[in-house]
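**Q** Chain by chain, the residues run as shown.
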Amino acid sequence: MPEPFKLILKNLDEPGYTPDIGCYQRHGGYEALKRALAMPPRELPDGKKLSPQEALREDVKASGLRGRGGAGFSAGLKWSFVDRRSGKPIYLICNADESEPGTFKDRQILHKDPHQLIEGMILSCWANDVKLAYIYIRGEMPHGAKLLNQALKEARAAGFLGKNILGTGYDLEIHVHRGAGAYICGEETGLIESLEGKRAYPRIKPPYFPAVLGLYMCPTIVNNVETLCHVKHIVLMGPAEYAKLGTPNNTGTRIVSLSGDVRRPGYYEIQVGRVTLGELIFDQNFGGGLKAGRSLKAIIPGGSSSKVLKAGEVFKLNHKGADGQMTKVDVPLLDLPYDFDSLQQAGTMSGSSAIIVLDDSRSMVETLGNLSEFYAHESCGQCTPCREGALWLAKATHRLCHGEGRKADADYLTHIAQNIQGRTICAFGEAASWPVLSFVKKFRDEFEAQGAADEAAHANARGSVRPAAGSLPTH
Amino acid sequence: MSAPAAPSTPPAPAPAPAAPPVETMTVKVNGKTVQVPKTMPDWQGKPAPTTMLQAARIAGVDIPHYCYHDKLPVAGNCRMCLVEFGTPMIGPDRKPVLNEDGTPKIARSVLPYEPGTARGAIACATPISPGMEIYADSKATQQMRESVLESLLINHPLDCTICDQAGECKLQEYSVQHGKAGSQFVEAKVHKPKAVDLGPRIVLDDERCILCTRCIRFTRDIAGDDALGIVNRGSYNTIGAFEPGRFDNNYTLNTVDLCPVGALTSKDFRFKMRVWFLKETKSLCTSCGTGCNITIGSREGVIHRYEPRDNDAVNGPWMCDSGRLNYRWIGRADRLKEVLRTSSGGPRERITWNAALETAADILRRAPQGGVAFVVSARQTNEELFLLKKLATHTGALTDSVPREGDPDRLLVSADRNPNSNGVRLTGMAFTEFGFNLLKIADGIALGRIRTLVVFGEDLTREGLGPELLAKLDALIVSDILPNATTAAATLLLPGAAHAEKRGTFVNVKGRLQRFQKAVEPPGDARPESEFLQELVQAVTGEEPARSIEGLFNRMAAGVPAFAGVEWARIGDAGVTVQL
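If you read the sequences in order, they're chains V and P.
Mapping of the first sequence onto the working numbering: residues 1 to 475, in sequence order.
Mapping of the second sequence onto the working numbering: residues 1 to 580, in sequence order.
Quick caveat, the hints were computed from the structure, so don't treat them as lab data.
Because the structure is a prediction, the values reported are computed rather than measured.
Using N, Cα and C, we set each Cβ at its ideal position, and we do this for glycine too.
Among the hints, erroneous ones may be present.
Said to hold, decoys possible - Pairwise CB distance ranges (calculated):
#, chain 1, residue 1, chain 2, residue 2, range
1, P, E280, V, H458, 50 to 56 Å
2, V, N149, P, T39, 42 to 48 Å
3, V, N149, P, P73, 32 to 38 Å
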């Protein structure tokens with residue numbers, strides 16, 4: 001039976017573990033930092049020399065670490081895009097704006113082990129010649145911000161932050177910035193705008209790739225909380241050892257937020273790809289199965305914006321045989337390894353690694369109505385397709401949920417969503433449209449049945465005038 | 001120094017250092033191969049990677065857009081300019097993949113997660129790359145435009161019938177070109193504030209707004225007044241002023257021009273005239289020495305609005321509010337409309353132009369050298385000044401003009417509030433500094449040496465030459481447009497024409513020679529000054545008049561060194577720079 005693998009979560013839930021620096025150091029905290037900063041230049045077989053900072057950047061690339069925020073992009077590659085010749089300062093921002101519905105992993109670290117993040121950040125900043133970094137924390141986590149500020153103060157007092165860190169001559173300052181409660185601030189360029197004191201309108205790319213034109217138009221790295229924590233472990237374990245965790249191309253561990261209709265919702269750290277969706281839901285070490293008498297209906301596998309998977313689905317996945325040949329193999333839903341690549345091949349994504357389980361008591365129409373209302377509320381409104389489309393979707397699903405549905409609404413919803421995805425400034429367009437497209441595609445019968453039932457009810461109400469199409473209450 | 005020592009040869013551009021060859025790349029737009037520069041000017045005029053939109057323009061293809069504007073930072077929010085595109089395929093060996101016929105194989109843009117669906121790029125912000133193909137009229141591109149238009153219209157009030165923008169609305173135009181006749185939308189529309197008082201000159205209809213942010217970017221990045229922003233979220237977004245009702249810099253009305261829809265309207269113009277009835281005349285603003293190019297909108301002899309006319313050499317696409325709204329005087333009821341003569345001691349009588357010009361010619365012919373003085377306005381045209389100079393030379397007259405100064409701003413408003421001070425200087429009617437001779441003229445009148453004063457377009461009672469002094473004159477020949485104390489004292493009053501009522505040229509503070517056209521007729525007996533001045537010059541000197549403003553200009557160009565070699569036709573709509 002697969003078990004949780006605690007790397008990031010190793011200490012933070014242990015009885016008596018506190019978020020102060022003393023406790024962190026008693027558990028080996030800041031040893032990675034001390035070790036990295038004392039590292040001599042690295043001699044390569046070809047005679048080239050890497051500075052210790054370059055060496056750490058190479059190590060992160062070699063570790064295979066992929067971003068834990070949602071896109072799953074190689075962290076080392078992201079760092080390598082940074083424009084180091086611009087003459088401008090390089091900034092690093094920790095994206096602690098964890099807002100994707102269903103996701104509650106970063107908040108564990110922020111609230112229970114802030115020094116682990118800070119150590120990871122200092123290492124990442126040092127590796128990238130960053131002198132000033134920010135933690136952009138979600139507005140709804142005021143206590144987390146307080147804890148982080150306290151932790152930063154402690155780290156400064158201990159000589160891990162500020163001027164001349166550990167006597168190496170390296171200076172770094174980290175500031176905490178609180179958001180004001182908007183999902184779009186988690187989009188990295190929206191976050192940057194917000195940090196600059198502006199409305200969090202995501203920037204157009206090109207030209208505003210953060211690695212070149214980020215915070216204050218300077219090269220900027222934006223990494224997720226969990227991603228930055230992993231850097232510390234890559235230093236401690238070495239990239240080769242770290243890459244043995246998980247599976248090839250899906251290395252390391254991930255914290256999965258499991259919620260919905262399972263007996264044991266919670267956060268579970270696993271080796272990426274070593275545990276299947278079915279095991280996460282049903283094993284006693286994880287979700288512990290569904291509630292009594294219920295059967296699985298659907299899984300939203302990577303945060304609310306990932307495409308829904310339907311119980312019983314079978315996917316064609318690439319499989320590398322012993323002879324090195326790639327073949328397609330059938331993999332049933334519950335046997336999908338929980339990693340970046342398998343979920344992508346299944347037509348969805350692991351996203352923020354938030355699994356939302358829906359059992360047969362759930363109406364897909366109502367679930368979509370809930371999601372669409374969220375995205376309509378959170379659309380920043382900058383670009384046309386999302387601004388107009390997100391609320392349009394919400395109004396249509398609201399109708400379906402309130403007795404005003406039409407049989408044609410399944411196509412109607414698809415029409416609206418298809419005109420959003422791929423046409424917006426940021427990935428919010430996909431986030432708002434993917435649930436709709438996947439829900440309607442995979443549960444079309446439910447949507448059509450709801451619409452048909454509403455139409456029939458109205459037809460039977462003889463003489464009654466069909467009320468105006470329902471609208472959402474304005475916020 | 002009197003007339004500036006300008007070269008008698010045509011003004012030649014300074015020999016520029018040999019420009020480096022423009023680096024180009026080849027792209028295809030709708031199947032047509034075009035060579036385009038690798039970089040082109042961005043909104044600030046700085047070289048930036050050429051965009052798909054710019055490349056398409058070179059190919060003669062206009063890609064529809066709302067938020068994009070040549071002179072504003074790129075926002076990329078309206079998505080109207082989304083286009084399908086293709087780029088040469090690169091093989092695993094990093095070499096281009098070729099078709100059987102040797103041409104490069106093109107990979108069409110598709111969604112990474114849905115390879116069967118085309119992916120659009122915003123043409124306004126996406127740089128071109130070598131071999132790129134832009135499909136500005138493909139089915140996928142058309143579908144993207146259609147859906148953006150549908151989205152823009154679902155919550156739009158569709159109140160074109162009563163909308164001031166109707167007739168010049170991009171939402172209307174693109175709906176005709178790229179839209180669908182109907183929408184699937186069956187929900188209730190979002191309602192937003194109507195008739196919002198944004199500032200003293202601007203009204204906002206939030207329901208018509210498509211949130212392109214042109215107004216926000218203009219006032220922040222061009223006017224330097226970060227007064228507008230967006231409040232609320234998503235579909236409820238609305239434009240708001242930082243202080244409601246206080247959007248009040250001197251450039252606010254440019255946002256009305258910029259607004260592609262009927263959201264921002266001018267309090268001065270709204271509900272006054274349907275725009276399709278307006279005759280458009282190319283003219284110039286006369287409120288300061290910048291000489292902003294304008295379009296006069298008039299109908300049946302009445303001016304309804306000024307709008308800035310694009311000219312990168314002068315005002316770009318902008319103009320100030322004070323200049324734009326300074327047109328009402330042209331239609332004032334108390335305009336001078338009659339030719340009037342006062343015989344000594346007698347009452348004022350209305351006379352014909354022939355009689356008036358005979359009277360004036362008689363006075364000027366008989367005046368002794370130095371017995372006449374001319375005070376002209378720097379609001380006169382070059383042609384008028386040129387003719388007045390002939391008369392002044394003939395009579396050996398002292399001449400001068402009146403300065404008009406104010407505070408300049410950092411964008412367009414010049415400290416010189418006269419539109420043609422340089423014309424006065426170049427035609428030799430005044431020194432570099434105006435008012436230098438006014439004291440001498442006053443002395444000459446007081447001492448009885450100057451018996452005749454010719455005044456064009458200025459009220460001398462405000463310049464120290466009071467009614468008592470003017471009463472000493474034998475003849476006070478005045479031409480003006482509106483009544484004042486000097487016109488009241490005139491012994492011969494010649495009603496002139498506003499610039500909008502005639503053709504002519506000005507030279508702005510930077511030496512830009514620009515021409516303007518006639519929009520409306522002058523009222524009553526009023527006539528363009530250059531017409532009656534030519535008749536007067538003929539009567540005084542015997543010189544044949546030119547038959548047209550073109551001929552007069554060309555004659556002037558031969559006589560005024562700074563204009564040497566310039567012809568009326570060559571001035572064009574954008575003007576030419578002359579040496580000051």
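**Q** So does N149/V sit 32 to 38 Å from P73/P, Cβ to Cβ?
**A** holds (36 Å)
**Q** Given a hint of 42 to 48 Å, does the C-beta separation of N149/V and T39/P actually sit inside it?
**A** holds (46 Å)
**Q** For the range 50 to 56 Å, tell me whether the beta carbons of E280/P and H458/V fit it or not.
**A** The hinted range 50 to 56 Å holds for E280/P and H458/V, with Cβ atoms some 54 Å apart.
Violated hints for the displayed structure: none, as all numbered hints are satisfied.
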